[in-house]
Amino acid sequence: MSRHTIDTIIRDRARITPHRVAIVERERRWTYAEVDARSDELAAGLARGSRVSTLFGNSGEHVALMFACAKAGAILHPISWRLAPPEVAFQLDDAEPDVFLVSEEHRKLGAAALALARVRPSERLESGWLRQSDSVVGDEDPLLLIYTSGTTGKPKGALLTHANCFWTNLSFDLATGIRPEDVILQVLPQFHCGGWNVQSILGWWKGATVVIEPGFDAAYALELIERERVTTMMGVPANYLFMAQEPRFAAADLSSLRLAVVGGAPMPEALLEVWAARGVAIVQGYGLTEAAPNVLCLAPEDALRKAGYSGKPYQYVTC
0 MSRHTIDTII RDRARITPHR VAIVERERRW TYAEVDARSD ELAAGLARGS
50 RVSTLFGNSG EHVALMFACA KAGAILHPIS WRLAPPEVAF QLDDAEPDVF
100 LVSEEHRKLG AAALALARVR PSERLESGWL RQSDSVVGDE DPLLLIYTSG
150 TTGKPKGALL THANCFWTNL SFDLATGIRP EDVILQVLPQ FHCGGWNVQS
200 ILGWWKGATV VIEPGFDAAY ALELIERERV TTMMGVPANY LFMAQEPRFA
250 AADLSSLRLA VVGGAPMPEA LLEVWAARGV AIVQGYGLTE AAPNVLCLAP
300 EDALRKAGYS GKPYQYVTC
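Take the sequence shown: its letters are residues 0 to 318, numbered as in numbering that gives the first Met the number 0.
Please keep in mind that the hints were generated in silico from the structure rather than gathered at the bench. Do not rely on the hints blindly, as some may be mistaken.
Cβ-Cβ distance ranges computed for the label pairs, FRET-style [claimed, not checked]:
#, residue 1, residue 2, range
1, Asp301, Tyr219, 24 to 34 Å
2, Glu125, Glu268, 47 to 57 Å
3, Ala110, Arg257, 42 to 52 Å
4, Thr317, Ala111, 21 to 31 Å
5, Pro299, Glu40, 40 to 50 Å
6, Glu272, Gly48, 46 to 56 Å
7, Leu240, Leu287, 33 to 43 Å
8, Arg2, Glu125, 25 to 35 Å
9, Arg304, Arg117, 11 to 21 Å
10, Arg47, Lys155, 21 to 31 Å
Result set (DSSO-like, lysine-lysine): computed pairs, CA atoms no more than 27 Å apart in a straight line [claimed, not checked]:
#, residue 1, residue 2
11, Lys107, Lys155
12, Lys107, Lys205
13, Lys155, Lys205
Bear in mind that the values here come from a model prediction, so they are computed numbers and not experimental data. Ideal Cβ placement from N, Cα and C applies to all residues, glycine included.
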C-alpha cells in the first residue's frame, strides 16, 4: 500500500529535482536538496509523537522544521505571533509541547509567554535530545496542530494528520492545477492552516517554487510578482484590496499571474472586477482549520456570475 505522508514529498523532490529552487526567501534561495538536508538535521532531534511549538515568521527554516516533523512523526504546533503573551501561554499549556522554538524577532513575546505558562518545554533542539524513531510514519499520524481563532470561546487545537494534508492538497490540485513550472507567492502566515495547505505543500509536491513573504506588504508583493514572475498566489480579500490600492498597481506587470486564490471572506464584486480587468483568474474558496482547510471552491468562470457564493465541495470533501 502506498503511503500518503508529507515526508515523501521532500524526499522525492530531493531525489528527482535536487537543484531546482524550492523556496525564495528574500535574498536566499533554497533548493530541494537543501530543504531535505536541513530537515534531516532537525529531525535528528525529534521523536515520534513529540510536539514542537513555534513562534516563527514565514521562513525557509520553518518549512524545513515542518518537513523534519513529517519525517520523524512529530507534530508541528505553529503559534500566531499576533497574539498577546497570555494567549500564547494558553496554547502552550494546552498543547504541552516538548520543545518551544522562537525566532529572533519574536524572542520577547516568547519569553513573556513562558513566564506565564505552566509548562517548561525545552527551548532548543539537540541531536539525541529525543531519539528519532526508526519506524515508518503512517497516513494517520498527526503532523500539524493548529489552533482555531476562538471567536466564540477559547481557541481549540485542530490536530491534522498526514492524510488530512495529502487529500486536501490533492483536492485543491484538481481544482486549480498547480504545475511544476509555477512560481507561488505565499503571503498567508505559517501559523495559519492556509499557510501550509493552500498552495505551499502542493507546490513542493509538484516541484514548483514558493516565494515566501515574511510579512505582507502590498507594494513589496507587487514587486515580487514582477521580479520572480509569480504565476499564482493565495490571499484574503484585504491582501488583494491593498495591492489594488497601491499607486503603481495599474502599471505593475502582472502578465505572469494566471491565477489568484481568495479565501477567508467573500471577495467584493467591485474588487473581483478590478483583478479581472488585469487578466487574472480568481478562484474563491471556503475552508476551516478542522478541515485542513479546503472545503468549497468557486471556479473562475463563476467568480462574477455567482459573486458572494462559496462554491461547490472539492472532489474529496463529503458534506
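Here's how the hints hold up against the structure:
1. Distance hint check for Asp301 and Tyr219: the Cβ-Cβ separation is about 31 Å, which falls inside the suggested range of 24 to 34 Å.
2. Checked against the hint of 47 to 57 Å, the pair Glu125 and Glu268 passes, with Cβ atoms roughly 54 Å apart.
3. Checked against the hint of 42 to 52 Å, the C-beta distance between Ala110 and Arg257 comes to roughly 44 Å, which is consistent with it.
4. For Thr317 and Ala111, the hinted distance range of 21 to 31 Å is not satisfied, since their beta carbons lie about 43 Å from each other.
5. For the hinted restraint 40 to 50 Å between Pro299 and Glu40, the CB-CB distance of approximately 41 Å keeps it satisfied.
6. Distance hint check: the CB atoms of Glu272 and Gly48 are about 50 Å apart, consistent with the given range 46 to 56 Å.
7. For the pair Leu240 and Leu287, the supplied restraint of 33 to 43 Å is violated, since their beta-carbon distance comes to about 23 Å.
8. Distance hint check: the CB atoms of Arg2 and Glu125 are about 29 Å apart, consistent with the given range 25 to 35 Å.
9. For the pair Arg304 and Arg117, the beta carbons lie near 53 Å from each other, so the given range of 11 to 21 Å is not met.
10. In this structure the hint that Arg47 and Lys155 lie 21 to 31 Å apart at CB holds, the actual value being about 24 Å.
11. At roughly 24 Å between alpha-carbon atoms, Lys107 and Lys155 fall within 27 Å of each other, so this suggested pair holds.
12. Note on Lys107 and Lys205: the hinted pairing is violated, with a Cα-Cα distance of about 37 Å set against a maximum of 27 Å.
13. Using a Cα cut-off of 27 Å, the hinted pair Lys155 and Lys205 is violated, with the two alpha carbons roughly 32 Å apart.
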